[in-house]
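J.: Throw the hints in and build the complete structure from the sequences for me.
Residue numbers (UniProt numbering), protein chains in the order written: chain C, 1 to 222; chain R, 1 to 222.
Since the hints were derived computationally from the structure, they do not count as laboratory data. Honestly, I wouldn't trust all of these hints.
Claimed, not checked - 30 Å max Cα-Cα, derived BS3-like pairs, lysine-lysine:
| # | chain 1 | residue 1 | chain 2 | residue 2 |
| --- | --- | --- | --- | --- |
| 1 | C | Lys75 | R | Lys139 |
| 2 | C | Lys139 | R | Lys75 |
| 3 | C | Lys179 | R | Lys27 |
| 4 | C | Lys139 | C | Lys208 |
| 5 | C | Lys139 | R | Lys27 |
| 6 | R | Lys139 | R | Lys208 |
| 7 | R | Lys139 | C | Lys179 |
| 8 | C | Lys75 | C | Lys139 |
| 9 | C | Lys173 | C | Lys75 |
| 10 | R | Lys75 | C | Lys75 |
| 11 | C | Lys75 | R | Lys27 |
| 12 | C | Lys161 | R | Lys179 |
Note that the structure is predicted; figures quoted are calculated from it, not measured.
Number of protein chains: 2
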Amino acid sequence: MPEPIISTVDIVLLIIKDDRLCVTLSKRDKEPYVNQEALPGGYIHAQDDRDCLDAAVRILQQKTGLLPPYLEQLKTFAGAARDPRGWSISVVHFALVDADLILSATNPGLTIWPVDALRRLPFDHNEIIATAVERIRNKSQYSSLPCYLAGETFSLPRLQKIYEACLGETLNKVSFRRKMDELGVLETVAGQTESAGAHRPAQLYRLKSEFKNQLKLLVRGL
Amino acid sequence: MPEPIISTVDIVLLIIKDDRLCVTLSKRDKEPYVNQEALPGGYIHAQDDRDCLDAAVRILQQKTGLLPPYLEQLKTFAGAARDPRGWSISVVHFALVDADLILSATNPGLTIWPVDALRRLPFDHNEIIATAVERIRNKSQYSSLPCYLAGETFSLPRLQKIYEACLGETLNKVSFRRKMDELGVLETVAGQTESAGAHRPAQLYRLKSEFKNQLKLLVRGL
Chain C
1 MPEPIISTVD
11 IVLLIIKDDR
21 LCVTLSKRDK
31 EPYVNQEALP
41 GGYIHAQDDR
51 DCLDAAVRIL
61 QQKTGLLPPY
71 LEQLKTFAGA
81 ARDPRGWSIS
91 VVHFALVDAD
101 LILSATNPGL
111 TIWPVDALRR
121 LPFDHNEIIA
131 TAVERIRNKS
141 QYSSLPCYLA
151 GETFSLPRLQ
161 KIYEACLGET
171 LNKVSFRRKM
181 DELGVLETVA
191 GQTESAGAHR
201 PAQLYRLKSE
211 FKNQLKLLVR
221 GL
Chain R
1 MPEPIISTVD
11 IVLLIIKDDR
21 LCVTLSKRDK
31 EPYVNQEALP
41 GGYIHAQDDR
51 DCLDAAVRIL
61 QQKTGLLPPY
71 LEQLKTFAGA
81 ARDPRGWSIS
91 VVHFALVDAD
101 LILSATNPGL
111 TIWPVDALRR
121 LPFDHNEIIA
131 TAVERIRNKS
141 QYSSLPCYLA
151 GETFSLPRLQ
161 KIYEACLGET
171 LNKVSFRRKM
181 DELGVLETVA
191 GQTESAGAHR
201 PAQLYRLKSE
211 FKNQLKLLVR
221 GL
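T.: And the structure:
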């Protein structure tokens, strides 16, 4: 067997804040790049993890306190030059969660940055985030993916803002609502409305249970 | 650093044969599953490979004699259960080539199977191939991807057959030609036609050079 290769999982944890698509970074507690902000990540643990998704769930839980949100494999970044420790593989996943879950988390090591205003990050993390944003952008065009950023209940104007943040463009209200009808993933929340400043109250919606992913915040981070 | 993990690259090498989408398998020369047919693959060599794509090119060349055809990362398959040797990662790529290059290859260890008529293969290779077919199917709907299966020059009826094999459905001739016009990747080959049995000769096309990938067959396999 050839020489061992560093095998890790990194997670691009995305939220919407101030109507912008943002990424959650975590302060590194080890060398290299100790104390610098980077994507939450860690080694695969052959003893504990059944597969990569399992590793991503464990690492996300340890670093952010979040239990499995919407999580999908993005791409694998690998090579001789990306990590000063040696040849490394990172199987990158992206996760979408409601911002409130991050903002209410007690983990002081987490920070939030708009994806289009990032400083230079360690490793190839800028490139990884750019790839994730491109994937989200593409998928938002034809899927209910952005709904996972919207929290438990939301108005259609709010959901439209989220889609717009993902797509990087404004949408026509009528055609957006038609698209949502087509998708068929939403249901109204009986009797619940959102007051929207000077506007009339907006009906609240949620994902139908069959399209809902399991998401929970640990009372205290691990 | 935790215990080492087996780090490999596998390649789903696809061609069209008898108007069917087929995968090229290679006889394994090592345990586990020695002498069984499986996807061409191998260990990442930290000393030789700059990155995963580099590893895929090297392995494909060693096992099939093919120099870089159209090659794209598919997905990473990883876990404790997929390889009897232990926890393993396979960064899977897919490659599309003209069937003639495989059929004229002198490597006796290569065999060709329709993707929808595969026996049970070693590891999780059936699942990997199914994932590749799904990706090709999706991408064929909106890209020039199937052109890489068509060889140097081809008629539009031939290219339509290839698209149909990728998509798993028949296409309307008029709308197919309109789509190809829209894509704008083809150019006519001056004066060249293909005789098509009882039909009148068909104009030959090729990929415009800016949409062409580099592909070569070694005179003798390595």
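J.: Could you run down the list of hints and mark each one as holding or not?
T.: Against the structure, the hints come out as follows:
1. C/Lys75 / R/Lys139: 17 Å, holds
2. C/Lys139 / R/Lys75: 17 Å, holds
3. C/Lys179 / R/Lys27: 49 Å, violated
4. C/Lys139 / C/Lys208: Given pair C/Lys139, C/Lys208 holds - Cα atoms ~20 Å apart, limit 30 Å.
5. C/Lys139 / R/Lys27: 38 Å, violated
6. R/Lys139 / R/Lys208: At roughly 20 Å apart (the allowed maximum being 30 Å), R/Lys208 and R/Lys139 satisfy the hint.
7. R/Lys139 / C/Lys179: Since the Cα atoms of R/Lys139 and C/Lys179 sit roughly 22 Å apart, the hinted pair holds (cutoff 30 Å).
8. C/Lys75 / C/Lys139: 15 Å, holds
9. C/Lys173 / C/Lys75: 33 Å, violated
10. R/Lys75 / C/Lys75: 7 Å, holds
11. C/Lys75 / R/Lys27: Answer holds: C/Lys75 to R/Lys27 is near 28 Å, not above 30 Å.
12. C/Lys161 / R/Lys179: At roughly 33 Å apart (the allowed maximum being 30 Å), R/Lys179 and C/Lys161 break the hint.
The structure is inconsistent with the numbered hints 3, 5, 9 and 12, although it conforms to all the rest.
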